[in-house]
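J.: Kindly generate the complete structure, drawing on both the sequences and the hints.
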Amino acid sequence: MASLQHSQAIKGAKVLMVGAGGIGCELLKTLALSGFQDIHIIDMDTIEVSNLNRQFLFRQSHVGQSKAKVARDAVLRFRPHISITPYHANAKDSNFNVDFFKQFNVVLNGLDNLDARRHVNRLCLAAEVPLVESGTTGFLGQVTVQVKGKTECYECQPKPAPKTYPVCTITSTPSKFVHCIVWAKELLFAKLFGDKNQVNDLNVRSNDAFSSSENTNDVFEWRDDEDFEHYGRRIYDHVFGYNIELALSDEETWKKRNKPRPIYVRDVLPDQMTQQNGNVDITDDLSSASAMASLGLKNPQDIWCLMENTRVFLEALKLFFTNRKKEIGNLSFDKDDQLAVEFVTAAANIRAASFNIPSHSLFEAKGIAGNIVHAVATTNAIVAGLIVIEAIKVLKKDNDCYREKLMRMTYCLEHPSKKMLLMPVEPFEPNKSCFVCSSQTPLSLEINTHRSKLRDFVEKIVKAKLGMNSPLIMCGSALLYEVGDDLEEDMIANYTANLEKVLSELPSPVIGGKMLTVEDLQQEFTCNIYIKHREEFDEEKEPDGMVLSGWTQALPEKKDDKTSIGNGASTSKSLPTEPMDAQKDIEVKEISDGTASPGKKRKLPEFSEGCTLDQSNEADETRNDKKIQKLDDDDDDDDLVMLDHWGKDTSKKQRLQ
Amino acid sequence: MDGEELTEQETALYDRQIRVWGADAQRRLSKSHILVHGMKGTITEFCKNIVLAGVGSLTLVDDRAVTEEALSANFLMPPDENACSGKTLAELCRDSLNEFNPMVRVSVEKGDLASFGVEFFDKFDVVVISFCSLATKKLINERCRKLSKRVSFYTVDCRDCCGEIFVDLQKYNYAKKRQDGTTECELQYPSFQEAISVPWRSLPRKVSKLYLAMRVIERFEEDEGRKPGEICIEDLPAVLKLKKELCEAQSLNESHIPNALLERLVMGAREFPPVCAIIGGILGQEVIKAISGKGDPLKNFFFFDSVDGKGIIEDISDPRPKG
Ligand SMILES: [Zn+2]
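Residue numbers (the UniProt record's numbering), protein chains in the order written: chain A, 1 to 657; chain B, 1 to 323.
Just so you know, the hints here were simulated from the structure itself, not pulled from any lab data. Check before you lean on any hint, since a few could be wrong.
Computed footprint of chain B on chain A, listed as stretches where at least three residues anywhere in the stretch have a Cβ under 8 Å from a Cβ of chain B [stated by the list, open to error]:
{"hint": "1", "region": "47-53"}
{"hint": "2", "region": "353-361"}
{"hint": "3", "region": "372-378"}
{"hint": "4", "region": "416-430"}
Straight line, CA to CA, 30 Å or less: simulated BS3-like cross-link-like pairs of lysine-lysine [stated by the list, open to error]:
{"hint": "5", "chain 1": "B", "residue 1": "K149", "chain 2": "A", "residue 2": "K418"}
{"hint": "6", "chain 1": "A", "residue 1": "K418", "chain 2": "B", "residue 2": "K299"}
{"hint": "7", "chain 1": "B", "residue 1": "K171", "chain 2": "B", "residue 2": "K149"}
{"hint": "8", "chain 1": "B", "residue 1": "K31", "chain 2": "A", "residue 2": "K298"}
{"hint": "9", "chain 1": "B", "residue 1": "K209", "chain 2": "A", "residue 2": "K418"}
{"hint": "10", "chain 1": "A", "residue 1": "K102", "chain 2": "A", "residue 2": "K463"}
{"hint": "11", "chain 1": "A", "residue 1": "K176", "chain 2": "B", "residue 2": "K176"}
{"hint": "12", "chain 1": "A", "residue 1": "K255", "chain 2": "A", "residue 2": "K298"}
{"hint": "13", "chain 1": "A", "residue 1": "K396", "chain 2": "B", "residue 2": "K209"}
{"hint": "14", "chain 1": "A", "residue 1": "K418", "chain 2": "B", "residue 2": "K31"}
Far from chain B, by Cβ distances over 10 Å, these chain A residues were calculated [unchecked claim]:
{"hint": "15", "residue": "E26"}
{"hint": "16", "residue": "K159"}
{"hint": "17", "residue": "D225"}
{"hint": "18", "residue": "E252"}
{"hint": "19", "residue": "P270"}
{"hint": "20", "residue": "Q301"}
{"hint": "21", "residue": "E327"}
{"hint": "22", "residue": "G484"}
Ideal Cβ positions, reconstructed from N, Cα and C, are used throughout, including at glycine.
T.: Quick look at the structure:
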């Protein structure tokens, strides 16, 4: 296999890699060593310090540069005569259209997010180019070949939706540390440092009668000439003291729950203590601003006490106002922004203290707030090797790898199953009712056509559920909405106006019984949606205020957490978070606990660098179980001849394993 | 856990992997010393993995000069042979590996591995050898075993699209994680000599064909006085004859070692880069497990063949109960 017989297929192949991160670096290296000569690589990211432990083509001196370009240069050092074409760009950019994809013999994904995966899936389907899809989390990994009409596509099976939390859990009744993180990051941080025009639920309480939103908004404004120390204390007392008191006054809420404890800064810090650290050097180097550094806190693994959290909170707030004043109003949380992580950690811990939830270290809080993936170099290397093996098989079409079942899906496991650490299974057949790759039976949408705006439909259905990037929406022959670079100004104005109209009042009214056609020109993908008017929706169970059926929908997650935050209002943005339970388990084996132990029914979820391990779900479990069984049957076909002296007992043991 | 804390720099660099194996494991890694021999594709992959993981030091042994073959699966060397002149494979690899992670000390030890005495291996926690004869594998393994401290020993070989890893952790104690807490586990590993002496008839029923085929090839090269990998298609008849003899001696049906598999191994002495990545990755994980004490280590062979795609663990130990 390593010999000449496939070297022709490799040399003549034109390959597209999407992603130059953890898997991408390994993949590019292995492709080059294996003899590939024409490789194109897309990645919009730039290099960060935390990439260097596994993205081995990058060095400290490359931090800040394009991953795609640096990866190319690094590989050309040991394989100078091959062609590598880098694109420092988003794979969703409009120039990466179906024609672009058609020039390749195979597309290899090393992506870290669901959105981009769905997008590439559609382009590969439309361009009819085979796709090798991959993902890793910790020691777990997966490689799958997807060929239109022969195997399932990326969207044939439901993917868990990003986890969201009910508004009231975040604003009023947190019970886990992650709720405090979401509050600190999405509400408090956004309120103080983000876009002031964004709707923010920071002051939403179970009892709204207490204060008008206008009053509370003022509380967060820094008053000219106000001392930052004073400002910090005022914010502190408001969110950790006053707001908790307000919440406590709604007794109904606390009948079945433990009451939170209001915390005021004077109870935690005597006046003088904070003043000691009052003299902060104002530097131009924004990245160097750190509350931990100015307070002498060194180890990010330490868990701070309430006093330390309070000091970090006040210090970080002050540093934002003294060193980074210009950014205030435009900041959004970034896990690589040290000061932002410090502020969110401290705020989440203080809130946790109120609600009697255990505190966490900055290291842990950063992982939760930044949705940081567990990633190691070895798994990426193994997965990259498996991708190349599958890619070569796909390229050697003369062998008809499809019919001969040579194509595989391979799982990398942490604990062996049937003695296997690398477990191949047959690819799954296409799901006949997949709305992406199978025959276009229309979807149906229940929606209140008199209340929901076109914008709601675009955001919650077209983008979030259908995964479209540049949609075009038609009702009959009337064009209602369109995204594109070359639109006339009056058209743009027209579409913008349409977005704010409720469906039944659009120029061509969208009412029950109508059929909408939604098309993504870049993905060359069209859906028909049959509209059914419905008056009422259950806020808890149907938070979108609309229900789409007939598509491969994400399966529900744990019951108490499944409702989306955001009230279904058209302006309030939802707060996506992810399965946090996996995040706190930083030890090797704990991660595996949910995954596999020999002899047990096994869940083999999808993995991705950049997404946390998917929540397991029943459908996947049964599906994989069935497959593993099947594989076992295959296994017997090419089995060794039975050794004649084998005792019964031993063979039974083998079976049981 | 005792020992110094990780530095800020280490915490930032190793952030993602500390989230996988914890700060304690990272500290242990940073104090470990690794020796490797045979700078071909698989070992190169392994070295990259453990240098990135942040071991304390890595020592390379391979005095060979650079050849076209040595370059074929190796991403550590510049392709320009002039740039390589006068340097050994180990020296060239050292220069590249040093760039990967400035926090790891990578150095070269010159000389013939088989000539190093027992005390030489005392400096290391892990010894990984590749591209070694059967006699050298046994010899180095025995030297590691003579030391009072445990030196984890590994051999690794890739041929065609197949790979084999052997592991000897001697007596290895660790806390095995279970659903309901942890249990103390003790694993007793056989030496390489002991493992390959296990009669073929008492091997597990479905033992990997690769295990048997690799023993035939290994034996052939040893008997003929060849260097590892110094074998070609012309040798096939002699290899098949040896297979027949060995099977007869072990009372094993010859069909357990398919001729087609032997033919592939004989023809494909060169490594296949994707398999190097896979075997080098598994080996990296195993070494990290052994150093950190986290995770179930594999006992005691691992096989991968990209034709069937299975990565299989085989426990090949003396079946008699331990005293
Ligand atoms: Zn599909």
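J.: Which of the listed hints are not met by the structure?
T.: 2, 5, 12, 14, 15, 20
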